[in-house]
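Chains U and R are the protein sequences, given in the same order.
1 is the number of the first residue of the first sequence in the numbering used here; add one for each residue after it.
337 is the number of the first residue of the second sequence in the numbering used here; add one for each residue after it.
A couple of the hints might just be wrong.
[Said to hold, decoys possible] With a straight-line cut-off of 30 Å between C-alpha atoms, the simulated DSBU-like cross-links for lysine-lysine are: (1) K286(U) x K788(R); (2) K518(R) x K311(U); (3) K311(U) x K788(R); (4) K544(R) x K101(U); (5) K554(R) x K311(U); (6) K782(R) x K106(U); (7) K106(U) x K518(R).
[As the list claims (entries may be wrong)] Distance ranges between label pairs, derived from CB positions: (8) I131(U) x C615(R): 50 to 60 Å; (9) L90(U) x S362(R): 37 to 47 Å; (10) V610(R) x D309(U): 37 to 47 Å; (11) L737(R) x L90(U): 43 to 53 Å; (12) E202(U) x K658(R): 29 to 39 Å; (13) L460(R) x P299(U): 16 to 26 Å; (14) A745(R) x L90(U): 48 to 58 Å; (15) G72(U) x V441(R): 55 to 65 Å.
Derived from the structure by calculation, the hints contain no laboratory data.
For every residue, glycine included, the Cβ atom is placed at its ideal position computed from N, Cα and C.
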Amino acid sequence: MELLNALILLLNYTIVPAITYGSQLALGAIFVTLIYGVLRFANFATGDMMSFGTMFAVLLTYYFQSIGIGLGILPTALLTIPFAIIAMILYMLFIDNFVFKYYRVKKSAPVQLAMVSVGVMFVTQAIIRIIIGPFDRRFLDGEKFILKASEFKEMTGLNEGLTIKSTQAITVVVTIILVSILFWFLNKTKTGTSMRAYSDNEDLALLSGIDPKRVVMITWIIAGFLATVGGVLYGLDKSYKPFVYFNNMLPIFAAAIVGGIGNPFGAFLGGYVIAFAEIFVTYAYKKFFTYLLPESLEPDSLVQLLSTDYKFAVSFSILVIVLLFRPSGIFEGKKI
Amino acid sequence: MRKYLNIITAYSIMMILIILVGIFQSWSIALSILNYCLISAVMTMGANIQWGYAGLINFGIMGYTALGGLAVVLVSVAPVPEAWSAGGFNMITSLILILGIVLIVNYILKKYKNLKYKNYLIALVIVFGIILIRVVASPGIEAIEAVNPAKTGFLGGLGMPILFSWIVGGLFAAGLAFLVGKIALGLRADYLAIATLLIAEIVVSIIKHEDWLARGVKNVIGLKRPVPYEINLQTSPWFINLVEKLNQGKLNLISSVSEKKDILNQLVIDASSVYVKLCMTGLFLTVVIILLILTQKALYSPWGRKMRAIRDNEEAAGAMGKNVVKEHLLIFILGSAIVGLAGAMMVTNDGLFTPGSYRPMRYTFVIWVMVIVGGTGNNFGAILGGFAVWFLWVEAGPIALFLINFFTAHLDEANALKVHLIESAPYFRFLMIGVGLLVIMRYRPKGLIPEKINTKKI
Numbered sequence: 001m002e003l004l005n006a007l008i009l010l011l012n013y014t015i016v017p018a019i020t021y022g023s024q025l026a027l028g029a030i031f032v033t034l035i036y037g038v039l040r041f042a043n044f045a046t047g048d049m050m051s052f053g054t055m056f057a058v059l060l061t062y063y064f065q066s067i068g069i070g071l072g073i074l075p076t077a078l079l080t081i082p083f084a085i086i087a088m089i090l091y092m093l094f095i096d097n098f099v100f101k102y103y104r105v106k107k108s109a110p111v112q113l114a115m116v117s118v119g120v121m122f123v124t125q126a127i128i129r130i131i132i133g134p135f136d137r138r139f140l141d142g143e144k145f146i147l148k149a150s151e152f153k154e155m156t157g158l159n160e161g162l163t164i165k166s167t168q169a170i171t172v173v174v175t176i177i178l179v180s181i182l183f184w185f186l187n188k189t190k191t192g193t194s195m196r197a198y199s200d201n202e203d204l205a206l207l208s209g210i211d212p213k214r215v216v217m218i219t220w221i222i223a224g225f226l227a228t229v230g231g232v233l234y235g236l237d238k239s240y241k242p243f244v245y246f247n248n249m250l251p252i253f254a255a256a257i258v259g260g261i262g263n264p265f266g267a268f269l270g271g272y273v274i275a276f277a278e279i280f281v282t283y284a285y286k287k288f289f290t291y292l293l294p295e296s297l298e299p300d301s302l303v304q305l306l307s308t309d310y311k312f313a314v315s316f317s318i319l320v321i322v323l324l325f326r327p328s329g330i331f332e333g334k335k336i
Numbered sequence: 337m338r339k340y341l342n343i344i345t346a347y348s349i350m351m352i353l354i355i356l357v358g359i360f361q362s363w364s365i366a367l368s369i370l371n372y373c374l375i376s377a378v379m380t381m382g383a384n385i386q387w388g389y390a391g392l393i394n395f396g397i398m399g400y401t402a403l404g405g406l407a408v409v410l411v412s413v414a415p416v417p418e419a420w421s422a423g424g425f426n427m428i429t430s431l432i433l434i435l436g437i438v439l440i441v442n443y444i445l446k447k448y449k450n451l452k453y454k455n456y457l458i459a460l461v462i463v464f465g466i467i468l469i470r471v472v473a474s475p476g477i478e479a480i481e482a483v484n485p486a487k488t489g490f491l492g493g494l495g496m497p498i499l500f501s502w503i504v505g506g507l508f509a510a511g512l513a514f515l516v517g518k519i520a521l522g523l524r525a526d527y528l529a530i531a532t533l534l535i536a537e538i539v540v541s542i543i544k545h546e547d548w549l550a551r552g553v554k555n556v557i558g559l560k561r562p563v564p565y566e567i568n569l570q571t572s573p574w575f576i577n578l579v580e581k582l583n584q585g586k587l588n589l590i591s592s593v594s595e596k597k598d599i600l601n602q603l604v605i606d607a608s609s610v611y612v613k614l615c616m617t618g619l620f621l622t623v624v625i626i627l628l629i630l631t632q633k634a635l636y637s638p639w640g641r642k643m644r645a646i647r648d649n650e651e652a653a654g655a656m657g658k659n660v661v662k663e664h665l666l667i668f669i670l671g672s673a674i675v676g677l678a679g680a681m682m683v684t685n686d687g688l689f690t691p692g693s694y695r696p697m698r699y700t701f702v703i704w705v706m707v708i709v710g711g712t713g714n715n716f717g718a719i720l721g722g723f724a725v726w727f728l729w730v731e732a733g734p735i736a737l738f739l740i741n742f743f744t745a746h747l748d749e750a751n752a753l754k755v756h757l758i759e760s761a762p763y764f765r766f767l768m769i770g771v772g773l774l775v776i777m778r779y780r781p782k783g784l785i786p787e788k789i790n791t792k793k794i
């Protein structure tokens with residue numbers, strides 16, 4: 001019984017949140033990795049692009065709520081995602097056409113493209129703040145919990161409750177669906193194969209008749225899906241604040257590099273590595289040990305490796321360690 | 337002379353803009369903009385040394401700036417004896433422990449180079465060391481933070497003159513740069529950018545959350561100043577006399593004695609703030625000029641040529657026997673030290689240390705925009721970039737407001753769009769900076785004042 005309590009405690013406070021957060025990071029990391037693999041630059045506008053897509057979802061949610069359209073127990077935001085994705089893709093293609101294309105055609109150094117993406121970051125951030133403002137917004141409606149702690153306690157008779165928020169379930173389900181479709185697309189379809197070929201060796205791909213324009217366009221379209229869905233899921237789970245999205249770029253980058261940049265599957269796993277590390281290292285295990293250990297051995301400190309203030313620092317330290325020992329990432333990405 | 341014409345024009349325009357601010361807004365505002373322009377110029381010179389001379393991309397400017405600021409607190413603030421007696425011993429023991437761990441790791445790296453389990457051994461040492469440090473330090477930290485938490489709650493500094501801290505700030509930043517360089521300089525350019533950015537985030541989060549060090553997000557206020565205080569100036573007779581003399585004509589027009597006194601009082605208060613800022617400007621200008629002379633000398637020295645050779649073709653320079661790794665590390669340290677110096681200058685100028693304000697947007701990306709806009713590899717360009725972009729950053733709000741009012745003049749005052757736009761005027765600065773960066777990168781990729789290298793025609 002004590003063991004079960006301890007496990008539920010761990011599940012409730014670390015594993016469930018980590019899986020949710022990891023899924024959100026994973027979507028962003030695949031976005032970074034795809035842009036890096038196909039277009040060959042580190043996109044510093046990642047966080048703000050996710051924020052841009054989410055902004056549309058938030059605004060449309062407010063609009064739908066005002067005219068009384070909803071999904072019942074599911075959040076209205078799910079209904080707005082397709083429209084937000086379309087807006088996001090249009091914006092990305094617009095930016096690509098007027099900004100990135102010039103440097104791609106000129107075959108500029110990746111650093112220059114990264115600097116250009118900093119310019120895009122500024123502009124995107126400005127547009128977002130001018131349209132929706134810098135404030136914290138919540139746009140979750142519908143049922144909040146699938147499983148409440150009290151219900152769980154009644155059901156099982158344990159001391160510890162397990163809470164599952166509906167946003168957590170939605171995040172995991174949507175991520176699984178989106179990522180499965182993505183990997184099926186990349187591995188099984190002709191277009192996906194041509195994308196991977198282009199990413200591996202641009203010249204060879206061009207020789208074998210792959211249309212680079214088409215590859216670039218499809219990459220941005222996939223990126224639009226990933227950015228918007230990842231952003232909306234994060235916003236539903238926590239809240240929507242442009243500054244937070246900008247900051248999320250950093251753990252997302254860490255996830256992409258840890259997973260081996262240019263390798264979508266690595267990025268997917270990298271998201272979970274970062275999320276689990278952040279939460280496991282900063283969780284206070286005191287209660288967990290009180291359940292497991294006999295009374296005489298019970299710890300009196302919090303048994304916390306690092307305070308939660310260092311949440312971000314943990315993921316960045318992991319990145320530094322990975323860069324030191326396996327610069328191409330845990331799951332073999334592009335050579336650095 | 338003609339060679340320098342564009343430089344002279346650009347700087348004259350900048351000066352005229354600042355003077356215009358002085359005439360239309362106030363001289364105090366103009367001088368604070370000028371001071372910040374000078375600080376930004378020092379930062380851009382640091383970044384320019386790394387990017388322009390050597391092609392190293394350092395997105396960690398925020399971290400070095402914060403370290404420079406931390407140096408000011410650690411050097412100039414008076415020590416807190418109660419805190420030292422409460423937890424000083426524990427902290428010093430922890431420091432010795434950290435040094436011990438570094439030495440042991442170094443020893444293992446040197447002695448057991450070929451050992452299979454070397455990395456695991458090092459990891460074990462570090463993990464064990466961290467646990468030991470936590471055990472030793474945590475009672476000390478608690479004791480220190482309990483000492484008068486509203487006012488101190490930290491160890492305080494050394495109580496030395498604040499100007500000394502500028503050098504220490506540079507040294508701190510150089511030390512961090514040495515570590516970062518050892519870890520990250522082997523990486524490809526865009527990885528280096530990400531890695532430095534993330535390491536800077538780690539540094540800032542440590543400064544933010546270690547309250548015993550510099551009060552963390554509770555901020556340190558009321559730092560010393562290398563220049564006189566306004567309140568002392570306002571009561572010193574020589575200053576009042578000086579202000580009276582300067583405004584003789586204006587004061588003579590007023591007949592009533594009491595009115596004259598009131599106006600003189602107001603003038604003295606205004607003048608004291610201008611005087612203090614002018615003193616700061618003098619100090620900053622000295623730093624900028626010294627750095628400019630040094631960097632110019634370096635750029636045209638054999639060493640500068642070597643750096644450019646390495647930048648333009650690493651393999652070729654390596655093949656000619658230049659030690660690329662060593663030179664990269666050196667220039668990374670030098671550039672970061674200058675950024676650290678700028679960070680110390682900024683905190684001195686503000687008189688307060690606010691770790692919460694160190695954000696990548698303001699302290700990394702804006703500085704990079706300055707470097708790119710000004711002209712990479714050219715110190716005059718870098719300084720101009722610092723001036724121009726900072727000026728735009730500050731004045732973008734008023735400019736945006738003016739433009740919005742101009743274009744929506746025909747709309748009703750209560751029009752929802754107009755109200756919304758006016759409310760979001762401050763955010764137009766991001767738009768202007770971003771569009772400016774994109775336009776410069778597209779149409780003038782070498783910046784406003786491009787790099788000039790004298791090559792003899794054969």
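We went through each hint and held it up to the structure:
Distance hint between K286(U) and K788(R) is unfulfilled; the C-alpha atoms sit about 63 Å from each other, more than 30 Å. Using a Cα cut-off of 30 Å, the hinted pair K518(R) and K311(U) holds, with the two alpha carbons roughly 25 Å apart. Restraint check for K311(U) and K788(R): not satisfied, since their Cα atoms lie roughly 46 Å apart, outside the 30 Å limit. For the suggested pair K544(R) and K101(U), the alpha carbons sit about 41 Å apart, so the restraint of at most 30 Å is broken.
Taking the CA atoms of K554(R) and K311(U), the gap is near 20 Å; set against the 30 Å cutoff, the hint holds. Simply put, K782(R) and K106(U) have alpha-carbon atoms about 15 Å apart, close enough for the 30 Å limit, and the pair holds. Restraint check for K106(U) and K518(R): the C-alpha separation of about 33 Å exceeds 30 Å, so the hint is violated. The given range of 50 to 60 Å is broken by I131(U) and C615(R), whose C-beta atoms sit roughly 44 Å from each other.
The hinted range of 37 to 47 Å is satisfied by L90(U) and S362(R), whose Cβ atoms lie roughly 45 Å apart. As the Cβ distance of V610(R) to D309(U) is approximately 41 Å, the hint placing it in 37 to 47 Å holds. Checked against the hint of 43 to 53 Å, the pair L737(R) and L90(U) fails, with Cβ atoms roughly 30 Å apart. Hint check: E202(U) to K658(R), Cβ distance near 31 Å, so the stated range 29 to 39 Å holds.
In this structure the supplied range 16 to 26 Å holds for L460(R) paired with P299(U), their Cβ-Cβ distance being about 22 Å. Between A745(R) and L90(U) the beta carbon distance is about 32 Å. The supplied range of 48 to 58 Å is therefore violated. With their beta carbons about 59 Å apart, G72(U) and V441(R) fall inside the hinted range of 55 to 65 Å.
Hint compliance for this structure: hints 1, 3, 4, 7, 8, 11 and 14 are broken, all remaining hints hold.
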